[in-house]
Amino acid sequence: MSAALVVGATGTTGSRVVAGLVAAGVRVRGASRRAVAVQGADADVEAVRFDWGDPGSYGGALGGGVDRVYLVPPPGTADPAAVMLPFLRRARAEGVRRAVLLGSSAIPAGGPAVGQVHAALPGIFDEWAVLRPSWFMQNFTGDHLHARTVRAEGVIRTAAGEGRVGFIDAEDIAAVAVRALTDDRAPNTDLVITGPRALSYGDIAAVLTEVTGRTVVHQRLTREEMAERLAAEMPAVFAGMLADMDRAIAGGAEDRTTGTVERITGRPPHDFRTVAQREAVRGAGGV
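According to our numbering, the stretch in the sequence shown is residues 1 to 287, in order.
It is possible that part of the hints are untrue.
Label-pair restraints from in silico Cβ distances [claimed, not checked]: (1) 252 - 55: 40 to 46 Å; (2) 55 - 122: 22 to 28 Å; (3) 154 - 34: 32 to 38 Å.
Keep in mind that the hints were calculated from the coordinates and are not lab data. We put the beta carbon where it would ideally sit given N, CA and C, even for glycine.
Starting from the given sequences, assemble the full structure and let the hints guide the process.
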């Protein structure tokens, strides 16, 4: 019996992909570094240990009839290809026929970081897709730095100025991923995924203020200030890359929307107010 391996199964998109695959009747192997069960998952999900930095964990994760895989790159690394490509070649040799990679709207094939994995994927698999979502709406409601400063200080700090972003709900990303993994024909392309509207961080702050009843503001930083702030949370090279992305947003690089979610899933993407209200309810009044 075939199965799908979900790398990062306890994460923001991975946990939602697991749920979507189970609902579609697919047997799932949920991979994480500690092989912990996915919250809310049922007997159709087998927790398996997987660590990008430990090739010894690859064989066990790829067993059990795995023929397709959802890939979340290792977090906080500027060169994910160094560890991902050896795994992907092994996966193909062991019978995986389809791979769906979580990339970024800001990074095309051949670009830095995950862009190198994107460029290599079609040469390894005949069936593939690269999901290129915009920035997650959950960055303001989960455990992201923005969400933490919103809760603690009522502040979102970026170097994005008045630039706008087509923020996307992680549930919409997962819905596209499930289709990419389960449809008879793989997309065999990259899919830029956005929400229904492009919003500035000021717009986001205004919505959070209305939904939570607590004042939230956007504080503008320089590119250098943002890089320094992020470097306290992650390697400096990766922090610099993210700060550069903020600067690109300020220049209009992410001021766009696409129809990918509706085209692939048959329904429109969720708007930010809906997601903020949903997450506030789940969080017993907070985000």
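**Request:** With 22 to 28 Å as the target window, see if residue 55 and residue 122 comply at their CB atoms.
**Result:** holds (23 Å)
**Request:** Using the beta carbons of residue 252 and residue 55, state whether their distance is inside 40 to 46 Å or not.
**Result:** holds (41 Å)
**Request:** Given the range 32 to 38 Å, decide if the beta-carbon distance of residue 154 to residue 34 lies inside it.
**Result:** holds (34 Å)
In summary, this structure violates none of the numbered hints.
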